[in-house]
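Turn these sequences into a full structure, and let the hints guide you.
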Amino acid sequence: MPFYGNPEHFRLAVESVIAQTDPEWTLTILDDCYPDLEPGKWVVSLNDSRISYMRNTTNLLPSKNYNQAIDISSSEFIMLMGCDDLLLPNFVERSKQLIEEASPNVAVIQPRVVVIDENGHQHNGLADRVKKIIGPWPISGHRMVSGEQAHVGLLKGNWTYFPSILWRVSSFGSMRFRTDLNIVQDLSMILNLVESNKAILVDSEISFCYRRHKQSLSGATGIDGSKFVQESILFSEAQNRALQRGWKKSARAAKWHLLSRFNALGELPGALLTRNTKGARNLLRHIFMS
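Heads up: the sequence shown is residues 1 to 290, going by this note's numbering.
Worth flagging that the hints you see were computed from the coordinates, not collected in a lab.
If you're wondering where the values come from, they're calculated on a predicted model, not measured in any experiment.
Take these hints with a grain of salt, some might be off.
[As the list claims (entries may be wrong)] The calculated EDC-like cross-link candidates involving lysine to aspartate or glutamate, where the alpha carbons are at most 16 Å apart (straight line), are: (1) Lys156 to Asp128; (2) Lys64 to Asp180; (3) Lys214 to Glu118.
[Said to hold, decoys possible] Taking CB as the label site, the calculated pair distances span: (4) Ser49 to Val169: 20 to 26 Å; (5) Gly270 to Ser49: 26 to 32 Å; (6) Glu8 to Gly125: 19 to 25 Å; (7) Arg252 to Ser74: 38 to 44 Å; (8) Ile70 to Gly270: 30 to 36 Å; (9) Asp180 to Gly270: 22 to 28 Å; (10) Phe288 to Ser75: 41 to 47 Å; (11) Ser75 to Met144: 19 to 25 Å; (12) Leu265 to Leu61: 39 to 45 Å; (13) Lys132 to Leu46: 25 to 31 Å; (14) Leu265 to Thr26: 39 to 45 Å.
Note that beta-carbon positions come from the ideal geometry of N, C-alpha and C, so glycine has one too.
This is the structure we're talking about:
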């Protein structure tokens, strides 16, 4: 769990791990030089042998923290939990069931999530309503998606919830999260795994609370357009790779990325109202030219 954020949300996140019905888990907290030392002291005071606390010597930012987590992991599967998200009590128990049932080519396990706001209340905004529609969510049990079908779906709209994902560590091989795509590195990695003939297992049972708020990195980088600059790079590269593989549907989805354009359009009024000229230019470029 990389940590740099609201200390109260962090405390709730750690407590949600401790509250698991299945006690067989380990938690490693990577403090990314948060200015206040009290959250770290609180973790140490818990005196729980399953919890490790590490404080970085420099602020690494998201991707380098995720890569550090991969490098130090000794488990078959890991999750890169957000320090403001919550596990429901059944998360570990359900995850172990899914891992046992997953075929060897499953690299990503996506639990069903419920979305909450900064105050912990259930949130059902437009982005999450769209994710429910476009994602391959099963009504019951779980389902596996792979190949061009999975690739096309992700390029049409990223329906996954990064902090809730279970990753098979061996599937990474030499791949690591891109540090030049510090906002959309999750989608980049999943696309690369799918292109490496890996599969995604999607569950129907809710076991995770994803916190959506404007202070998050993806929320804060929408209005200035920087998220969409990275998305333009990602889609262009994905289109080229898809063409090389003969995945014509994927190439078209990457070329048009309509949901991403609509998302940028939704951020444009905010950029204009705050007179964020650079942000408005970035958004307009993504909407009409990317």
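Hint by hint, here is what the structure shows:
{"no.": "1", "hint": "Lys156 to Asp128", "result": "14 Å, holds"}
{"no.": "2", "hint": "Lys64 to Asp180", "result": "10 Å, holds"}
{"no.": "3", "hint": "Lys214 to Glu118", "result": "9 Å, holds"}
{"no.": "4", "hint": "Ser49 to Val169: 20 to 26 Å", "result": "22 Å, holds"}
{"no.": "5", "hint": "Gly270 to Ser49: 26 to 32 Å", "result": "46 Å, violated"}
{"no.": "6", "hint": "Glu8 to Gly125: 19 to 25 Å", "result": "22 Å, holds"}
{"no.": "7", "hint": "Arg252 to Ser74: 38 to 44 Å", "result": "42 Å, holds"}
{"no.": "8", "hint": "Ile70 to Gly270: 30 to 36 Å", "result": "35 Å, holds"}
{"no.": "9", "hint": "Asp180 to Gly270: 22 to 28 Å", "result": "25 Å, holds"}
{"no.": "10", "hint": "Phe288 to Ser75: 41 to 47 Å", "result": "45 Å, holds"}
{"no.": "11", "hint": "Ser75 to Met144: 19 to 25 Å", "result": "21 Å, holds"}
{"no.": "12", "hint": "Leu265 to Leu61: 39 to 45 Å", "result": "28 Å, violated"}
{"no.": "13", "hint": "Lys132 to Leu46: 25 to 31 Å", "result": "36 Å, violated"}
{"no.": "14", "hint": "Leu265 to Thr26: 39 to 45 Å", "result": "43 Å, holds"}
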